Amino acid sequence: MKALALLAMLVAATSAQAQFRMPNIDINKMVDTVKNVGKAVKDIDEPEEIAIGKDVASRLLGAAPLVANPGLQRYVNNVGRWLAVQTERPDLPWQFGVLDSPNVNAFAVPGGTIFVTRGLVERMRSEAELAGVLGHEIGHVLRKHHLKAIQKGAQSALAGDALGHALRDRAGPARDKLIAFGTEMYSRGLDKSDELEADRLGVVIAARGGYDAYGLPSVLQTLQAMNAQDSALALMFKTHPAPAERLDSLSEKMQPVLDAYSGQPQLAERFVRQIRK
Amino acid sequence: MRILSLLLLVPLLAAAEPATVIRPAELKQEPASDAATLATLPENTAVDALERKGGWTRVKAGAGEGWVRMLSLRLGGAATAKPGASGLTQAFNVARTGTSGTQTTTGVRGLDADQIANAQPNPAELAKLEKFAANRDAAASFATEGKLSATSVAYPK
Chain X
-19 MKALALLAML VAATSAQAQF RMPNIDINKM VDTVKNVGKA VKDIDEPEEI AIGKDVASRL
41 LGAAPLVANP GLQRYVNNVG RWLAVQTERP DLPWQFGVLD SPNVNAFAVP GGTIFVTRGL
101 VERMRSEAEL AGVLGHEIGH VLRKHHLKAI QKGAQSALAG DALGHALRDR AGPARDKLIA
161 FGTEMYSRGL DKSDELEADR LGVVIAARGG YDAYGLPSVL QTLQAMNAQD SALALMFKTH
221 PAPAERLDSL SEKMQPVLDA YSGQPQLAER FVRQIRK
Chain R
6 MRILSLLLLV PLLAAAEPAT VIRPAELKQE PASDAATLAT LPENTAVDAL ERKGGWTRVK
66 AGAGEGWVRM LSLRLGGAAT AKPGASGLTQ AFNVARTGTS GTQTTTGVRG LDADQIANAQ
126 PNPAELAKLE KFAANRDAAA SFATEGKLSA TSVAYPK
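Listed in order, the protein sequences are those of chains X and R.
Per the numbering used here, the very first residue in the first sequence carries number -19; after that it's consecutive.
Per the numbering used here, the very first residue in the second sequence carries number 6; after that it's consecutive.
Please note that the accuracy of each hint is not assured.
Covered stretches of chain X (in silico footprint by chain R; criterion: 3 or more residues with CB under 8 angstroms from a CB of chain R, positions within the stretch not fixed) [stated by the list, open to error]:
1) 131 to 137
2) 144 to 155
3) 199 to 205
List time: in silico BS3-like cross-link candidates among lysine-lysine, alpha-carbon distance up to 25 angstroms [as the list claims (entries may be wrong)]:
4) X:Lys257 <-> R:Lys162
5) R:Lys58 <-> X:Lys172
6) R:Lys33 <-> X:Lys233
7) R:Lys133 <-> X:Lys257
8) R:Lys65 <-> X:Lys124
9) R:Lys152 <-> R:Lys58
10) X:Lys218 <-> X:Lys124
11) X:Lys132 <-> X:Lys218
12) X:Lys124 <-> X:Lys233
13) R:Lys162 <-> X:Lys128
14) R:Lys136 <-> X:Lys257
15) R:Lys152 <-> X:Lys233
16) R:Lys33 <-> R:Lys65
17) R:Lys162 <-> X:Lys233
18) X:Lys157 <-> X:Lys128
Quick list of simulated restraints, FRET-style, between CB atoms [unchecked claim]:
19) R:Pro161 <-> X:Ala208: 25 to 31 angstroms
20) R:Ser154 <-> X:Pro236: 18 to 24 angstroms
21) X:Lys172 <-> R:Ala37: 32 to 38 angstroms
Simulated from the structure, these hints should not be mistaken for lab results.
Note that this is a predicted model, so its numbers are computed, not measured.
Every residue, glycine too, gets a C-beta built ideally from N, C-alpha and C.
For reference, chain X alone in the conformation it holds in the complex (with noise of 0.2 angstroms):
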């Protein structure tokens, strides 16, 4: 709507200055531009999305690799499918993996593809807190938080069409620019409503999988109870609230929903059986 408004401005301006001589001013021209800079943001479509999550998940991949465990990852894809799936968006393409990390942090990639991190993984006691976790990431891709972040932020580094042109060659230079934005935004993180919002989203999904809906503010104590000042924690804590804030924030608006699935299964066992392999 910015779009159009300043484009009902310029129409205004130009044609009160029109009377008065104003040469040389394409109006024709000025509108495709403002017509491009607005559809380019609209029309990031699914099929994009996907692709732009591809190469961002190989680039945080090129940080950290998959932990050499294919029992782990293939748990792993089994508990996040299966939560993927009591979802509005079941069918994309999800894809799970552990990155090798002593850091303690989990990633959402637009287009179904989410990364825990080995540190986080080690401290988590049961599947039911892995759903939590992975709920929430599961909830930021549903949001499409880090899309709309990329999509922002790209049309302020990339000037005019250049987010089309991204987005149409997959080969150019604009598209490399485009994926290092992206890929860099996981350094600065998102906005703090959407990091409560996905741990409110993050709750449901867990216990719309049958799972505890205790799992994530499970997780967050734990996190809590770390020393702040641990490196392993530096970006976690850096780009989410705190984890005090996180826990009051879904102890004010979830309590209901925590307490009505706080008996469903944790399912301890099953979880240590599996990272034991």
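Fit chain R to the given chain X structure using the hints.
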């Protein structure tokens, strides 16, 4: 992965973890709101957290042992980390480097902010990632094995 599993058992079996009551909380005999109330713990009471069941955490307090609402607690003592948490993790990493030898690129690759910002594509790992993906049917059987049943839960407004 054996060291990893040992680590996992620590929080499951550890006797106690320091915690603080962050809002006045009823100490219940059982993990249920209609269970008998043993005492009311005021804000800032120091307790030991023993285990969690649903939304309840079993604690040992001066007033006795019982269950309080999990979200009434902040884990971790006053400004202290969980004892040994990062130390154990470090031991794990050292052990891992020693046995696998795959950590030689530490310092180049990694998930710190600047390492992410400068990451280069890794198509080989991306191909592996795709290979591990689960389809809907496999995920459904996996859920059945775990006795998980899907439930309809609305998103909050």
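Here is how each hint holds up against the structure:
no. : hint                                      : verdict
1   : 131 to 137                                : violated (count 0)
2   : 144 to 155                                : violated (count 0)
3   : 199 to 205                                : holds (count 4)
4   : X:Lys257 <-> R:Lys162                     : violated, 41 angstroms
5   : R:Lys58 <-> X:Lys172                      : violated, 29 angstroms
6   : R:Lys33 <-> X:Lys233                      : holds, 23 angstroms
7   : R:Lys133 <-> X:Lys257                     : holds, 19 angstroms
8   : R:Lys65 <-> X:Lys124                      : violated, 44 angstroms
9   : R:Lys152 <-> R:Lys58                      : holds, 18 angstroms
10  : X:Lys218 <-> X:Lys124                     : holds, 21 angstroms
11  : X:Lys132 <-> X:Lys218                     : holds, 21 angstroms
12  : X:Lys124 <-> X:Lys233                     : holds, 22 angstroms
13  : R:Lys162 <-> X:Lys128                     : holds, 21 angstroms
14  : R:Lys136 <-> X:Lys257                     : holds, 19 angstroms
15  : R:Lys152 <-> X:Lys233                     : violated, 28 angstroms
16  : R:Lys33 <-> R:Lys65                       : holds, 12 angstroms
17  : R:Lys162 <-> X:Lys233                     : holds, 10 angstroms
18  : X:Lys157 <-> X:Lys128                     : holds, 16 angstroms
19  : R:Pro161 <-> X:Ala208: 25 to 31 angstroms : holds, 28 angstroms
20  : R:Ser154 <-> X:Pro236: 18 to 24 angstroms : holds, 20 angstroms
21  : X:Lys172 <-> R:Ala37: 32 to 38 angstroms  : holds, 34 angstroms
This entry does not satisfy hints 1, 2, 4, 5, 8 and 15, going by the numbered hints stated previously.
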